[in-house]
Structures are given as structure tokens and as C-alpha cells.
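**Q** Residue numbers (our numbering), protein chains in the order written: chain A, 1 to 106; chain B, 107 to 212.
One or more of the hints may lead you astray.
[To be verified] Which chain B residues face chain A? A few, computed with CB under 10 Å, are given here:
no. : residue
1   : I111
2   : F112
3   : A121
4   : K122
5   : M128
6   : S129
7   : T132
8   : H134
9   : Q135
10  : L146
11  : P209
Hints are computed from structural coordinates only; laboratory data are not their basis. Glycine included, every Cβ here is placed at the ideal spot set by N, Cα and C.
Protein chains: 2
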Amino acid sequence: MNENIFDAIDETIHAKARLGIMSLLTVHQQCDFGFLRNELGLTEGNLGSHIRVLEQAGYIDVAKTFAGKRPRTTCSATQLGRSMFQRYIEGLEKIIRMAQLPPKQE
Amino acid sequence: MNENIFDAIDETIHAKARLGIMSLLTVHQQCDFGFLRNELGLTEGNLGSHIRVLEQAGYIDVAKTFAGKRPRTTCSATQLGRSMFQRYIEGLEKIIRMAQLPPKQE
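Produce the entire structure from the sequences given, and follow the hints as far as they go.
**A** The structure is reproduced here in C-alpha cells:
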């Protein structure tokens, strides 16, 4: 796309499931895998693949620990992830403002 | 996904290119194919396939006319498209409000 207000829409965040993950990690700071899966209604495989995209972009950290004998996967947003998410949200706000202008008479 | 604020994110509109098309059609009422292609920096094939998705959903009307001898394709949002776009924008606003809450201490 040319340089325009849609450029601020980072495709790494924009996919609906990843927008959900980043939003929840912004509100909750840390979320375990099961919580994200339930909140977003995703399958394990689907959530796992979106988490990998965000991890590879450096937007989230993934920690594997144990709760007793059960493995536990915990995600949190990195500083880069928080700042990219903030920029993404600002981009959405610009689009919303544009979409709410009165229509041009042509 | 479970019933949650992300449900308002209509995937037909959410794809970046289609969000661009719907935003431009909201502002300009009518756009021809070349204008959309330039504004959004898409290839002809790519724009064509996104336009077909929106047309098949009933969100836009596509009219083929002639400007002199040159064929001209003009798009406009339908009433359904406008109302679904409005609902989508309201969904984004909810996500933005959630993302701007102070983080929960856990």
C-alpha cells in the first residue's frame, strides 16, 4: 500500500486472533495459554500458531513453567510489543476519525 | 471465538485492504477502481479479489460503465455495507477503550 493512514495497521497485530491476544496482554500483563484459549475461543493449534507469530516478531515473551506437575505456558507483551500495539491503536483511531467525517459531496 | 468484544470484528471488513476500501467508500460515496488501486497501493488482481468479497457479502455495489471508450468500474457502499461498517467501527472503539484501561495488577 502507498503511504497512507492504513500503513499504521501492522499486519502482525491486525489478524483478529492476534489483536485479541495483544489486547488481553495489555490489560492483564500476563496470561496463561488456557486463559487466552478460553477468552478467545480458539483451538490449541490455532492459538499456538498465532502466539508463535507474535513471539517471532518480538512482541511477546513466552515462558514455560510448571504448576505442580502440569506444564504451564505464560505469555506477556514485551516493551516492543507494547509500543507497536500503541502505534496500531493510534492508527485505528485515525481510521475511525476518517470514517466518521461527513461524506464528501462529489 | 466465544461471545466477547472481538465478535464485533467482522472478518469481511477487517482484512486491511477491505478496511481501506470500506473507509474510502464511506468518505467518498463512489470510487472508481483506479482511484481505489492508487489510494491503497494494491495490484489490480488483489483489489479485484477484495472487491468481489465485499460485493458477494452485499456490502458494496459494483457498476461497470464507459468513460468515452474506456470501461470504468465504480464502487459504492450499500445500505447493508454502511451499517456493517458502522458496527465494525463501534467494535474497534470498544477494543480501543479496553486497551487503554490501566493494566490490572495480578
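**Q** Are there hints from earlier that the structure breaks, and if so, what are their numbers?
**A** Every hint satisfied by this model.
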